[in-house]
Amino acid sequence: MGNILILEDEAILRKNLKAIIMELDRDAKVYESGSVVKGLELLNEVNMDILLLDIQLEDGNGLDFAKEVRKIDRYKLTHIVFITAVPTHAIMAFSETHCYSYIVKPFDKEQLKEELYTLIHYGYKADAHKEDKLELHLKNCIFKIDMAEILYIEASNQKLYVHTIQDTITVPNVSLKKMKASLNDTFIQVHKAFIVNKEAIKAIHKADKYIELHQTSTIIPIGRVYYKELIGETI
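In short: position in the sequence shown from 1, add 13, done, that's our numbering.
Calculated directly from the structure, the hints in this document are not laboratory data.
Computed from a prediction, not measured in an experiment: that's the story for all the values here.
Mixed in with the good hints there might be a few duds.
Restraint ranges, calculated between C-beta atoms of paired labels, are given here [as the list claims (entries may be wrong)]:
| no. | residue 1 | residue 2 | range |
| --- | --- | --- | --- |
| 1 | K80 | A206 | 12 to 20 Å |
| 2 | F156 | Q69 | 44 to 52 Å |
| 3 | K146 | T231 | 17 to 25 Å |
| 4 | A206 | I178 | 39 to 47 Å |
| 5 | V238 | P185 | 49 to 57 Å |
Where a beta carbon is used, it is the ideal one built from N, C-alpha and C, also for glycine.
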């Protein structure tokens, strides 16, 4: 479970940001405020994993807030995303506070979801599984892959294809059943030929029985016998 702070003086925008975060991680703990003073209090009370900061706040400036944050040892490398209506402010943010990214108002929801997905899935959620490696034996080599980087695994023509964020690895002479036994509980079989990383699921289309994943345009079919388990574990 991750802790995320939203520091934004527009209540509607705070609500929208929180809704997007909860879509991506139902277990996330979201703290929100429009006040610099309250934001600093929350930082001292809770170890935050991600900070979403508006530049202009009701009682101060998000950029100055970030500078104060960087003075605290445990927040020197914490991911900061600025929210601003003025792009030039974002340039200042990058140079002065080493922020991760910025969002320009009005923001595009899908673009923001991808941005936050990367931070959540490859940030604190990846840390929770950082010891989980998939060991693949290929010819005279052994590959060890972080399971958090695997999007899905496909069986085709008596081979398995392990699709990661960066690459696709071909694995001969291994069944999908055997591969599934080597994976942690973030993976689920959704079709006789597909296993997916639950953390990579972007959308489940119930009527048409297919899955969209983050960071790939590949459409994953849902097999009839796997549908009930999939819905039970992800909805």
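Contradicted hints - numbers only: Per hint list: 1, 4 and 5 violated.
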